[in-house]
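Here's the letter readout for the chains.
2 protein chains.
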Amino acid sequence: MKKFVDDPTQFVHDMEEGLYLANKDSLKWVPEYNIIYRADLPKDKVLIMQGSGSGHEPAHIMAVGPGMLDAACPGAVFAAPPMDFVLECTRLLKNPHGVLHIINNYQGDRMAWDMAKEMAEAEDPDLKIGVIIVNDDVAVEDSLYTTGRRGVAGNFFVMKAVGAASEQGKSLEELVALGEKVNGWTRSMGVALTSCTPPAKGTPIFEIGDDEIEVGVGIHGEPGRRRDKIRPASEIVDELFEAIRSDLPFESGDRVAVMVNGLGGTPISELYLLYGLVAKKCEAAGLTIAKNYVGNYCTSLEMQGFSLTLSKLDDEIEGYLDAPASIPIRVF
Amino acid sequence: MKKFVDDPTQFVHDMEEGLYLANKDSLKWVPEYNIIYRADLPKDKVLIMQGSGSGHEPAHIMAVGPGMLDAACPGAVFAAPPMDFVLECTRLLKNPHGVLHIINNYQGDRMAWDMAKEMAEAEDPDLKIGVIIVNDDVAVEDSLYTTGRRGVAGNFFVMKAVGAASEQGKSLEELVALGEKVNGWTRSMGVALTSCTPPAKGTPIFEIGDDEIEVGVGIHGEPGRRRDKIRPASEIVDELFEAIRSDLPFESGDRVAVMVNGLGGTPISELYLLYGLVAKKCEAAGLTIAKNYVGNYCTSLEMQGFSLTLSKLDDEIEGYLDAPASIPIRVF
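Protein chains in written order, with the numbering used here: chain A, 1 to 332; chain B, 1 to 332.
A portion of the hints provided could be inaccurate.
Put simply, identical chains are the same to the list, so a pair is met inside one copy or across any two.
When the alpha-carbon atoms are kept at most 25 angstroms apart in a straight line, the in silico PhoX-like pairs for lysine-lysine are as follows [to be verified]:
1. K94 - K291
2. K291 - K170
3. K24 - K291
4. K291 - K28
5. K24 - K229
6. K280 - K24
7. K281 - K24
8. K170 - K43
9. K291 - K281
10. K28 - K281
11. K94 - K229
Rather than coming from a laboratory, the hints here were simulated on the basis of the structure.
On a predicted model such as this, the values are computed, not experimentally measured, just so you know.
Sequences are here, hints too, so could you generate the full structure?
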């Protein structure tokens with residue numbers, strides 16, 4: 001295993017420490033529970049948290065800041081946060097306006113968050129907790145760690161919309177309805193060229209041949225629709241686009257946000273090349289791209305691959321995507 | 001070769017097309033000369049351009065926008081732009097305030113830019129062209145493609161400072177002096193875990209063992225100081241930090257900007273882990289980190305590795321780093 005790491009068992013701690021040291025003015029850190037939260041935690045709005053496993057950075061600890069998440073409490077690499085992480089983070093955010101849990105749909109996450117919600121409500125019967133389940137991945141129904149569909153990069157559209165709406169004073173009920181609307185209009189699918197190696201495991205999460213790709217891969221290396229031979233980028237885009245388009249379905253005249261999300265090890269040159277192909281597919285299908293996002297959002301460590309996400313827009317959602325947000329990852 | 005590409009010989013064209021389609025409101029594209037430039041090209045200031053090879057994205061085509069570059073004209077992957085690309089781009093930016101050429105120090109680049117400058121000046125004796133040579137890499141003196149030191153990620157500090165200063169109406173002479181000051185105070189060094197494969201070449205640019213790293217690697221895979229075995233991240237940071245610190249030298253009490261730059265295939269989790277180690281080294285050395293940048297800036301396609309850059313600050317430079325800039329790569 002070749003990685004930039006000291007003690008592999010301390011990988012998440014050491015990464016979070018670096019994130020915290022890089023953002024001491026804007027973030028706070030509770031190492032015992034892997035919690036990263038806003039230093040300027042507001043008192044006048046619903047507070048929003050997300051968990052998930054580590055290894056998907058920038059999701060979700062690098063999406064904490066005004067206009068996005070108020071806190072994140074990830075588990076170990078590719079593992080749901082333990083129940084007590086979620087409970088402790090919920091306690092930290094406790095406030096009269098309520099706490100919103102955003103959960104990617106995996107069995108381990110669902111169980112930990114359900115239990116933590118029950119315990120937090122038992123501790124304080126006045127506490128309101130809302131829940132949004134994200135399940136945007138069209139590749140497969142049911143999967144290695146999932147009943148139903150998996151939650152992947154489309155999650156960023158949910159976080160951004162409800163994050164912006166919360167800053168504008170929307171109620172917990174309004175945020176849950178908004179998040180469910182965005183999730184309902186969002187579809188994703190990914191493809192992997194390579195595997196990846198969790199530091200504490202030390203070996204790849206799956207094997208893949210030098211000329212093979214995994215079409216419909218999950219963000220923890222879960223099998224997709226099939227193993228295929230490497231093909232030209234435009235053929236891969238054709239397949240992903242059609243699987244996504246036909247699923248909602250997106251229809252001629254729709255306005256959409258498009259995300260070409262790198263899985264961690266794909267150069268941004270290839271991601272922009274892919275975006276160009278997607279833009280042409282959208283034009284041919286009569287879809288107007290109102291917003292585009294090209295880069296690494298929800299990754300699988302150093303995996304080479306990408307996922308495509310389309311999210312249908314209306315004026316309300318587009319307004320929230322345009323609203324300001326300020327999170328640790330930045331360009332210059 | 002497993003990459004997201006259609007025709008490998010059209011890789012740069014197809015990537016630029018995607019970048020252009022993603023930014024049609026803010027960028028223009030001249031495919032014949034690989035030129036990406038601002039759609040709102042100002043008429044009231046010095047205009048700034050950079051070339052370099054492709055394969056280093058986001059450098060430099062994704063650094064075009066208000067407050068950074070006004071245009072970029074890269075060559076093929078890891079190749080200097082041909083003289084006529086530089087000449088055509090210079091013609092496009094021709095204006096009474098002058099044109100600033102920022103050049104990373106490689107022999108091929110120096111030759112192409114020198115010739116283009118001579119030809120542009122011969123065409124129009126009134127045209128003022130300023131030149132800044134960037135050579136921030138402390139790893140080696142002279143190299144595979146370089147006499148003197150190589151220009152690497154520290155280039156972003158030069159671009160950002162002169163970009164901001166140009167927006168504030170500084171003269172060509174003032175910008176050259178500023179760029180030389182920033183370059184003179186900037187030091188970088190990199191390390192590679194893996195090689196990378198230019199699409200049109202189809203094979204890796206160098207071979208490296210499963211347990212080996214290249215300490216002091218160049219951004220085109222040029223040899224560094226030595227081949228070593230993989231070591232803990234903190235030992236690698238110790239070596240890079242000390243090579244950089246002692247070179248200027250940076251001294252206790254200095255204010256610095258720190259960049260932990262991914263070489264393309266390194267997950268951002270590892271980059272933040274590295275940043276945490278660098279922050280501790282800076283604190284121990286009495287250096288105050290006023291600004292930090294963690295992410296992919298100057299890459300080598302899908303190479304796994306990183307470079308560390310320290311840039312000494314004064315109030316003037318810090319002000320320019322804080323000034324607004326708007327370039328295609330964005331977070332959310």
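Quick rundown of the hints versus the structure:
no., hint, verdict
1, K94 - K291, "neither (34 angstroms within a copy, 33 angstroms between copies)"
2, K291 - K170, "within (23 angstroms within a copy, 34 angstroms between copies)"
3, K24 - K291, "between (31 angstroms within a copy, 12 angstroms between copies)"
4, K291 - K28, "between (31 angstroms within a copy, 18 angstroms between copies)"
5, K24 - K229, "neither (46 angstroms within a copy, 34 angstroms between copies)"
6, K280 - K24, "between (43 angstroms within a copy, 13 angstroms between copies)"
7, K281 - K24, "between (43 angstroms within a copy, 17 angstroms between copies)"
8, K170 - K43, "within (14 angstroms within a copy, 44 angstroms between copies)"
9, K291 - K281, "within (15 angstroms within a copy, 41 angstroms between copies)"
10, K28 - K281, "between (43 angstroms within a copy, 21 angstroms between copies)"
11, K94 - K229, "neither (50 angstroms within a copy, 49 angstroms between copies)"
Checked against the numbered hints listed earlier, the structure breaks hints 1, 5, 11; every other hint is satisfied.
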